[in-house]
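Chemist: Residue-level listing of the chains:
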Amino acid sequence: MTVHPPMLACTDLTVHYDNRSALRSVNVAIRGGEVTALLGPNGAGKSTLLKVLSGMISPSHGSATFEGAPLTGPHASITYVPQRSDVDWKFPISVLECTLLGLIRSRSRWAPFSRSDKEAAMAALHNVGMDHLAHAQIDALSGGQQQRVFLARALMNQGKALLLDEPFTGVDVPTQEMLVAILGRLKDSGTAIVYATHDLAQAAQTADHAILINGEVIADGPPSFVFTEDNLAKTFGGAIVSIESLRAVAR
Amino acid sequence: MINWLTEPWQFTFMQHAFLAILLVGVIAGAIGVFVILRGLSFLGDALSHAVFPGVVITFILGGNVVIGAMIAAIIISILIGAVSQSDRIKNDTAIGVLFAGSFALGVALMSLQSGYVRDLNSFLFGSILGVSRSDLWLTGAVGVIVLGLILIFRREITLISFDRVFARSAGLNLWLYDQLFLVLLAMAIVISLQMVGNVLVLAMLVTPAATARLLTDSLRRMVVLSSCIGAISGLIGLYISYYQGVPSGAAIVLTATVIFGLTFLFAPRTGAIFTRVRYRMHRDHPEDDLDVLPDQPAS
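So the sequence lines, in the order shown, correspond to chains A and B. This note's numbering numbers the first residue of the first sequence as 1 and each following residue consecutively. This note's numbering numbers the first residue of the second sequence as 1 and each following residue consecutively.
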């Protein structure tokens, strides 16, 4: 197995909101060709860390780098997939139009989207099994279908890193399986994938690398290594989990 | 009938009024779509009040009231943006504080002047029959700027209205685009003020756009429809005003409201009556689930 150098990294990262610190002294390294799961309870700083890694939030202290260079803002090679709850799903826009907006950074504002752009969007939708609903309104979609459209929009921007905030939350099993398959393909092509989740079993099954986080990094490494009773108790505050079953999944 | 339609056009002041309300209907209708989609109706209402000190100051100094109002609107919209940057002050709170303060300043300044009641009245209810040729040019210029910038930044404005987090991650400067939108909104409000007055200006922004939302799921069609409904409401309202002696602002807004009411009841697919019929049909034939889209393409 090829070990890639870190594509995204944080060194001694601290983020304050107002007077409250969301993250303290975080050091993480994310490699291309790996799926990294960020795990922690609500308010643990998972979304904040993803936003720092995508260049949306500047660290209060410490630094974030992409391919060794400091991240000073959003980067064309880093694609972010927000939580579904961040979006106004009643907005009058079709699945195809939403997918095309993935090209907003790279297309001239003076021209309409070209035929090849539309073909690329249809191909991205085909990849996620949504091409038959290209002309449907987004508010008519189920949660799983909405998540697939988000992924298709992300696929339009062929970046080197893909950051997803809670992609498995509230989606049906076929969508989960499809997400896992697509993330696997992207990983094989060398993309660095990071996703935030509450779901330990999902992470144990799909991630090469797990980061347990609760304001600070509790543990960092392969899921089979970091999913110990002690680490999970520190992360989730003593929530009841079946460690043996998780280990079995991770193995 | 032809005479009925053409009679008002023989007067220059009515020609100006018709052209002005057509322009305002189109401009306010277009930007109003983004006002309702972003839930900014309160901001629209607030801005229309907040321009009052600009109106009074230009009235005192003897300049063009529209330009004074526009300067005030731009200052207030930038101040709202700046104050709502604070983590502790929500956007609607910033709007509330600044619009009430600004309106109070206008009232205080106005009370120091003679002719107070008459001019406050025209600010509150509009004076469309007093539209001059230079007002028309100014309205046209504002229209070109507002519609042109909406067209140029259509993708950015759409993405920011729909998915702000993704927009930010794609490198869009949200603060800058929000300010641009506020300034465009302020310009649309100011040119509408003269036509329908401060109290009713919100209707020019919100009612045609809300009607258009009931009729289409396409953003592009919604902008076109909203503009057309705004212009048609203006036209019909002005005829009613001319023949029935109703104040023009009230007649225009009532027309827009009636069009909204009819659409709300009878619109195909979304109208209350259609929805009720569909609900009954579904109750009788529950196997026809109309809302769930297939996960797999039909084979």
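Read the hints as simulated data drawn from the structure, not as lab findings. Don't take each hint at face value.
Examples of chain B residues toward chain A, derived with CB under 8 Å [said to hold, decoys possible]:
#1 VAL83
#2 ASP135
#3 ILE152
#4 ARG155
#5 ARG168
#6 SER169
#7 ALA170
#8 SER218
Within a straight-line C-alpha distance of at most 16 Å, the following computed EDC-like cross-link-like pairs (lysine to aspartate or glutamate) qualify [stated by the list, open to error]:
#9 B:LYS90 / B:ASP217
#10 A:LYS90 / B:ASP217
#11 B:LYS90 / A:GLU119
Since this is a predicted model, take the numbers as computed values, not measurements. Built from N, CA and C at the ideal position, the CB exists for glycine as well.
Chemist: Now look at each hint and say whether the structure bears it out.
Modeler: A quick look at each hint next to the structure:
The criterion of a C-beta within 8 Å of any C-beta in chain A is not met by VAL83 (chain B), whose closest approach is roughly 16 Å, and the hint is violated. Checking ASP135 (chain B) against chain A by beta carbon gives a least distance of about 32 Å; that is not within 8 Å, so the hint is violated. About 6 Å separates the beta-carbon of ILE152 (chain B) from the nearest beta-carbon of chain A, less than 8 Å, and the hint is met. Nearest Cβ of chain A to the Cβ of ARG155 (chain B): about 5 Å, under the 8 Å cut. The hint holds.
The interface hint given for ARG168 (chain B) holds, since its Cβ lies 5 Å from the closest Cβ of chain A, which is under the 8 Å cut-off. Because the smallest distance between the Cβ of SER169 (chain B) and any Cβ of chain A comes to about 4 Å, under 8 Å, the interface hint for this residue holds. With a cut of 8 Å, the hint placing ALA170 (chain B) at the interface with chain A holds, because the nearest CB-to-CB distance is about 5 Å. With 8 Å as the threshold, the beta carbon of SER218 (chain B) comes within range of chain A, its nearest partner Cβ sitting at about 6 Å, so the hint holds.
A threshold of 16 Å between alpha carbons decides the hint, and for LYS90 (chain B) with ASP217 (chain B) the separation of about 30 Å lies outside it, so the pair is violated. Proposed proximity of LYS90 (chain A) and ASP217 (chain B) is supported: the alpha carbons are some 10 Å apart, at most 16 Å. For the hint pairing LYS90 (chain B) with GLU119 (chain A), the CA-to-CA distance comes to about 42 Å; that exceeds 16 Å, so the pair is violated.
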